[in-house]
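Going by UniProt numbering, 13 is the number at position 13 of the sequence shown; the sequence numbering is gapless.
By construction, these hints were calculated from the structure, which means they are not laboratory data. The C-beta atom is built at its ideal place from N, Cα and C for all residues, glycine as well. Among these hints, one or two may not hold up.
Pairs of lysine to any residue residues, derived as SDA-like cross-links and limited to a Cα-Cα distance of at most 20 Å, are as follows [what the hints assert, rightly or not]:
# : residue 1 : residue 2
1 : 14        : 2
2 : 14        : 4
3 : 14        : 3
With beta-carbon atoms standing in for the labels, derived distance ranges [said to hold, decoys possible]:
# : residue 1 : residue 2 : range
4 : 36        : 5         : 28 to 36 Å
5 : 1         : 88        : 30 to 38 Å
6 : 33        : 90        : 49 to 57 Å
7 : 13        : 36        : 35 to 43 Å
8 : 42        : 12        : 48 to 56 Å
9 : 80        : 35        : 52 to 60 Å
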Amino acid sequence: MVHVREYVRANGTKVREHSRWAAGARREMSVLATIALVVVVFAGTTGSGSADGSGKQAPEPRSTVYPVKFADWDNPRPRPTPTLSYPIPWDQGR
Numbered sequence: 001m002v003h004v005r006e007y008v009r010a011n012g013t014k015v016r017e018h019s020r021w022a023a024g025a026r027r028e029m030s031v032l033a034t035i036a037l038v039v040v041v042f043a044g045t046t047g048s049g050s051a052d053g054s055g056k057q058a059p060e061p062r063s064t065v066y067p068v069k070f071a072d073w074d075n076p077r078p079r080p081t082p083t084l085s086y087p088i089p090w091d092q093g094r
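Construct the complete structure from the given sequences, taking the supplied hints into account.
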């Protein structure tokens, strides 16, 4: 990256110190990023087996009775109530 020091333009505009890309670096970086993306996408394995052993049995599906009920289904907890009411009267006239 090119480092540009602070300077004043001919019309009097002050330009702050900054860094910018060198000539051609943007294109080179986009080519490098494209190659890296291709490597990441296509470098994976193409096998369909699992690494932890293909001889394991899959779990049997179980029937589920709906609706599913949870522990405190019949005794719900009280819901919180707001401590103030809206709109808030900001102007008290004092």
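Going through the hints against the structure:
1. 14 with 2: Cα-Cα ~19 Å, so holds.
2. 14 with 4: Since the Cα atoms of residue 14 and residue 4 sit roughly 13 Å apart, the hinted pair holds (cutoff 20 Å).
3. 14 with 3: Given pair residue 14, residue 3 holds - Cα atoms ~16 Å apart, limit 20 Å.
4. 36 with 5: 28 to 36 Å: Holds, since residue 36 and residue 5 (Cβ atoms, about 33 Å apart) stay within the stated range.
5. 1 with 88: 30 to 38 Å: Hint violated: Cβ distance 52 Å, outside 30 to 38 Å.
6. 33 with 90: 49 to 57 Å: With Cβ atoms ~53 Å apart, the hint holds.
7. 13 with 36: 35 to 43 Å: 39 Å, holds
8. 42 with 12: 48 to 56 Å: Cβ of residue 42 to Cβ of residue 12: about 54 Å, so the range 48 to 56 Å holds.
9. 80 with 35: 52 to 60 Å: Roughly 55 Å apart at Cβ, these two residues keep to the hinted range, so it holds.
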